[in-house]
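> The lines below spell out each chain.
2 protein chains.
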Amino acid sequence: MKIALAQLYYHTGNFELNISKIKNNILRARSEGADLVVFAELAVCGYPPRDFLEFNEFIELSLEAVNEIADACVGIAAIIGSPSINPHLQGKNLYNSAYFLEGGEVKNICHKALLPNYDIFDEYRYFEPGRKFETITYKGHRIALTICEDLWNVDDDPLYPISPMNMYIGQNPDVIINIAASPFSFGHPEEREAVLCKNASKYKIPVFYVNHIGAQTELLFDGGSMVVNPQGFVVDELNYFAEDFRIYELEKVISDGRMPEKDFTKLAFTHEEKMHRIHEALVMGIKYYFLKLGFEKAVIGLSGGIDSALVLVLTVRALGSENVRAILMPSEFSTSHSVDDAVQLAENLGVEYTIIPIKEVYHTYNNLLQPFFEGRPFDVTEENIQARIRGMILMALSNKLNYILLNTSNKSEIAVGYGTLYGDMCGGLSVIGDLYKTEVFQLSEFVNKEKEIIPNHTMTKPPSAELRPGQLDADSLPDYNLLDKVLFEYIEKRKGLHEILGMGYDELTVRRILKLVNLNEYKRAQTPPILRISSKAFGMGRRMPIVAKYLI
Amino acid sequence: MKIALAQLYYHTGNFELNISKIKNNILRARSEGADLVVFAELAVCGYPPRDFLEFNEFIELSLEAVNEIADACVGIAAIIGSPSINPHLQGKNLYNSAYFLEGGEVKNICHKALLPNYDIFDEYRYFEPGRKFETITYKGHRIALTICEDLWNVDDDPLYPISPMNMYIGQNPDVIINIAASPFSFGHPEEREAVLCKNASKYKIPVFYVNHIGAQTELLFDGGSMVVNPQGFVVDELNYFAEDFRIYELEKVISDGRMPEKDFTKLAFTHEEKMHRIHEALVMGIKYYFLKLGFEKAVIGLSGGIDSALVLVLTVRALGSENVRAILMPSEFSTSHSVDDAVQLAENLGVEYTIIPIKEVYHTYNNLLQPFFEGRPFDVTEENIQARIRGMILMALSNKLNYILLNTSNKSEIAVGYGTLYGDMCGGLSVIGDLYKTEVFQLSEFVNKEKEIIPNHTMTKPPSAELRPGQLDADSLPDYNLLDKVLFEYIEKRKGLHEILGMGYDELTVRRILKLVNLNEYKRAQTPPILRISSKAFGMGRRMPIVAKYLI
Numbered sequence: 039m040k041i042a043l044a045q046l047y048y049h050t051g052n053f054e055l056n057i058s059k060i061k062n063n064i065l066r067a068r069s070e071g072a073d074l075v076v077f078a079e080l081a082v083c084g085y086p087p088r089d090f091l092e093f094n095e096f097i098e099l100s101l102e103a104v105n106e107i108a109d110a111c112v113g114i115a116a117i118i119g120s121p122s123i124n125p126h127l128q129g130k131n132l133y134n135s136a137y138f139l140e141g142g143e144v145k146n147i148c149h150k151a152l153l154p155n156y157d158i159f160d161e162y163r164y165f166e167p168g169r170k171f172e173t174i175t176y177k178g179h180r181i182a183l184t185i186c187e188d189l190w191n192v193d194d195d196p197l198y199p200i201s202p203m204n205m206y207i208g209q210n211p212d213v214i215i216n217i218a219a220s221p222f223s224f225g226h227p228e229e230r231e232a233v234l235c236k237n238a239s240k241y242k243i244p245v246f247y248v249n250h251i252g253a254q255t256e257l258l259f260d261g262g263s264m265v266v267n268p269q270g271f272v273v274d275e276l277n278y279f280a281e282d283f284r285i286y287e288l289e290k291v292i293s294d295g296r297m298p299e300k301d302f303t304k305l306a307f308t309h310e311e312k313m314h315r316i317h318e319a320l321v322m323g324i325k326y327y328f329l330k331l332g333f334e335k336a337v338i339g340l341s342g343g344i345d346s347a348l349v350l351v352l353t354v355r356a357l358g359s360e361n362v363r364a365i366l367m368p369s370e371f372s373t374s375h376s377v378d379d380a381v382q383l384a385e386n387l388g389v390e391y392t393i394i395p396i397k398e399v400y401h402t403y404n405n406l407l408q409p410f411f412e413g414r415p416f417d418v419t420e421e422n423i424q425a426r427i428r429g430m431i432l433m434a435l436s437n438k439l440n441y442i443l444l445n446t447s448n449k450s451e452i453a454v455g456y457g458t459l460y461g462d463m464c465g466g467l468s469v470i471g472d473l474y475k476t477e478v479f480q481l482s483e484f485v486n487k488e489k490e491i492i493p494n495h496t497m498t499k500p501p502s503a504e505l506r507p508g509q510l511d512a513d514s515l516p517d518y519n520l521l522d523k524v525l526f527e528y529i530e531k532r533k534g535l536h537e538i539l540g541m542g543y544d545e546l547t548v549r550r551i552l553k554l555v556n557l558n559e560y561k562r563a564q565t566p567p568i569l570r571i572s573s574k575a576f577g578m579g580r581r582m583p584i585v586a587k588y589l590i
Numbered sequence: 039m040k041i042a043l044a045q046l047y048y049h050t051g052n053f054e055l056n057i058s059k060i061k062n063n064i065l066r067a068r069s070e071g072a073d074l075v076v077f078a079e080l081a082v083c084g085y086p087p088r089d090f091l092e093f094n095e096f097i098e099l100s101l102e103a104v105n106e107i108a109d110a111c112v113g114i115a116a117i118i119g120s121p122s123i124n125p126h127l128q129g130k131n132l133y134n135s136a137y138f139l140e141g142g143e144v145k146n147i148c149h150k151a152l153l154p155n156y157d158i159f160d161e162y163r164y165f166e167p168g169r170k171f172e173t174i175t176y177k178g179h180r181i182a183l184t185i186c187e188d189l190w191n192v193d194d195d196p197l198y199p200i201s202p203m204n205m206y207i208g209q210n211p212d213v214i215i216n217i218a219a220s221p222f223s224f225g226h227p228e229e230r231e232a233v234l235c236k237n238a239s240k241y242k243i244p245v246f247y248v249n250h251i252g253a254q255t256e257l258l259f260d261g262g263s264m265v266v267n268p269q270g271f272v273v274d275e276l277n278y279f280a281e282d283f284r285i286y287e288l289e290k291v292i293s294d295g296r297m298p299e300k301d302f303t304k305l306a307f308t309h310e311e312k313m314h315r316i317h318e319a320l321v322m323g324i325k326y327y328f329l330k331l332g333f334e335k336a337v338i339g340l341s342g343g344i345d346s347a348l349v350l351v352l353t354v355r356a357l358g359s360e361n362v363r364a365i366l367m368p369s370e371f372s373t374s375h376s377v378d379d380a381v382q383l384a385e386n387l388g389v390e391y392t393i394i395p396i397k398e399v400y401h402t403y404n405n406l407l408q409p410f411f412e413g414r415p416f417d418v419t420e421e422n423i424q425a426r427i428r429g430m431i432l433m434a435l436s437n438k439l440n441y442i443l444l445n446t447s448n449k450s451e452i453a454v455g456y457g458t459l460y461g462d463m464c465g466g467l468s469v470i471g472d473l474y475k476t477e478v479f480q481l482s483e484f485v486n487k488e489k490e491i492i493p494n495h496t497m498t499k500p501p502s503a504e505l506r507p508g509q510l511d512a513d514s515l516p517d518y519n520l521l522d523k524v525l526f527e528y529i530e531k532r533k534g535l536h537e538i539l540g541m542g543y544d545e546l547t548v549r550r551i552l553k554l555v556n557l558n559e560y561k562r563a564q565t566p567p568i569l570r571i572s573s574k575a576f577g578m579g580r581r582m583p584i585v586a587k588y589l590i
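Residue numbers (our numbering), protein chains in the order written: chain D, 39 to 590; chain U, 39 to 590.
The reader is advised that the hints may include incorrect statements.
When chains are identical, the list treats them as one kind, so a pair holds in a single copy or across two.
As the list claims (entries may be wrong) - Keeping only pairs whose Cα atoms sit at most 20 Å apart, straight-line, the calculated EDC-like set for lysine to aspartate or glutamate is: (1) K40 x D282; (2) K397 x E281; (3) K145 x D194; (4) K533 x D511; (5) K240 x E527; (6) K533 x E92.
Calculated from the structure, these hints are not laboratory results.
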């Protein structure tokens, strides 16, 4: 039996596009001799559909799409993800289902049993867990058809009380097929591979796995669909960060005798791999954000600093230099080298740039507002005014010329609130908001590996917001090497104050950092969506109270 | 047996405050002769704690708080909500639990079995459902101890496959105690009463119910704790929108023979009741937002229109006129009556007001930006510039003088994107963002019922953003009476395009409205939190994709 894996991008709610992509791949699979073609989880409606699942018409359109796709399944079978309706009175109205289509009709439906509801996942919000586990027989093979999380319960401390494969295995399946919508984070490829290989070797049958690629706003899907033999050896992997289509002979995979060499208790990847993945992921994220919204052109405020420099590089790689406009907005506190560095970068990239000094507007504001400031001295207010003038100029150009403004904040400053709401926090999408400042430097070095794209001076000068004379980030914040380590423990690891202090950090510094993180939830509540590349990004995956008083 | 109900506000993560409030009420209950005092769901840590539940130290502090509170339970028992740790290897790490404290220690723990995960609820994100149902015997009475949603599965089309009271009832309990964190919406009091009364009459035992009051950012808790006799008659209700404490004799409630007169299949309330509730809820929401953040003073941009007028009234009622500052920022497109109306309102309320014309800044911006506008004509860009200048002035005053800026957008304009991101969409909290424009008018009439507070002219003039000469909302939007009806069907009722068209609305209008709602998800992703008074508010309870292409 020949199994085709179709690794595609889908657009949520764009049924016409999704149906057309799926049908084209069914035709291709049949013409290339496949018996079965496998698509990803919730492919017909896109992932995640979020609260569109609460609209009956959205569900009807999904079911119509499945039927239309089933019509194309003549001379070939297809597996495809779609919501389905729970016919029982009790429980939620929907299942997250895998349809087995053959002979022009729906032959079987399997429902996802393990519904992830942590981090960015909300599946239990919509779906009733499946409780029936019946293999599907096709062309003499018994298939255990599972959906994403269904295979992820293989550890000793399982998140779910049941494990679908333990229910299937008594029926002696020949193969596990898993359709997934498994979002990227830079450590995820190893975790995914380990889970799939553990399942294959535990149940001694091969695993065929299909994931999404592309981006759904902040969520990135890296693909990495794969085939694993019964020993837990990866026979083949599809492309990462790109659509792909490959056909495999099931019998060959079953009889493939190669043994895994990796130790799946150690999920190791190199620094170089990490940088490469983040780079590909962010470029893909920008590309699909514009593609799915139907926009072409981006505008970016270029300060001469490293954050906006890196965002400019990534955006040029996603959209092409002809579709990117850089705006330089020096104030009286900007150093001359900042403009020089920004100009140099724009020229290196072949990007059109415009210099719009903000001094006059800034003074007009100051003159207007001084009488109402009760004689209080220059403080963060005036710094914010400068940042907001820049935000306004960028938004005006965005409005007038139909650009999307991309945000250039990094994770460290978003964490501690070192940014101006409605100022430098503006934008439709945050490109590097899930990279700590130290990772911004690392990715910039990666970008510059072969040739100096980001000017060396941008990389080496001490970080500064340049909102008052001689200002440096280091005046207000701990050194980024220290700050980022503490932030990582608090944000990614969810360690508490005393656990972090137990690691040997200075108490005053840690208390100050954690307090800043907590106090600035109100700003993050109004941040643009952030391309997610870590295991814990700000946004939908981290839901904190705004008015809490914990550790403050 | 005398049962005290303690209806209090709690502050998430503020263990010191919560413990102190709880212990004071235990002492009071004992001194007033109660045998048992009942507090609300997750009272020790505040509700909702959200992702603080993922921090081990937060859980440890909760458990320590329970132990400290247990120490105070000598000569009296207490029931209190707190997370507890799931001791089993399988499943999530926590339960949402009700502790029964007596004799200085924890005597029993019951776990919430039904975990709401819809709308604003995320409980399945954190908690494993309880699966053990054992009554607690105390002073000769058998108590069925339940938590909020556990009683809400009484309909014929249940959301959950099991119903805790069906498991308890075989043990012949004398009384149902339910501890809750049940957020307000204007129709919720009737729903809650119906659910509690149905449970009492179905199981023929009384119900003692304790809810939170106060606000947790956008979530409002109206209290309405109550006692229901075995016939389903409400013996007593505690205050709405305020703390309260009352003691009841259980035997008296058991033998109370009164029969309910209400028809719980009809959840009716008057327009006057709706307005009164919304008014109380919003005033409470503002009050607790400032209280919990430790701020005292608010700044509001006053346009002369009805939205900002209503917000000013509500804010004055929450904080006192001495703590509110109104800023009038007329542009060259503002009509003279707008300033007059705004001044009149501020004077009616005794609020300090300041007039800061924006003409000069606006022209400075225009002169600065014109060269880059490629000769394109006046459009929404220039309108947005005006709105953003105002946002910037308000934020500058907020920064310099330590005010919180309150947002004045209404639900209709948030829905269709008729507002400027980083302009009039600025603010720490949106006060009326869950009121459709027609409801803004209704609540303003309610406010003016006894005396003209909001100037009559503000109430009667046609709505206008005054961002270009002679502009009216009606130029860009359908009439609000029509718009709000269609929005209600799409947002609250989750009806799709064809369902709404089936109600007889004009197709072009409906398509345009739905398209505007979908296209503006990106703006709502950056909106301040919105005080929730309806069954479906924008924000955490409505989670839509940003880059979807459904119905567009």
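> Indicate, hint by hint, whether the structure satisfies it.
To see whether the hints hold, each was checked on the structure:
no. : hint        : verdict
1   : K40 x D282  : within (16 Å within a copy, 70 Å between copies)
2   : K397 x E281 : neither (48 Å within a copy, 53 Å between copies)
3   : K145 x D194 : neither (35 Å within a copy, 31 Å between copies)
4   : K533 x D511 : neither (25 Å within a copy, 50 Å between copies)
5   : K240 x E527 : neither (33 Å within a copy, 51 Å between copies)
6   : K533 x E92  : between (36 Å within a copy, 9 Å between copies)
Hint compliance for this structure: hints 2, 3, 4, 5 are not met, and every other hint is.
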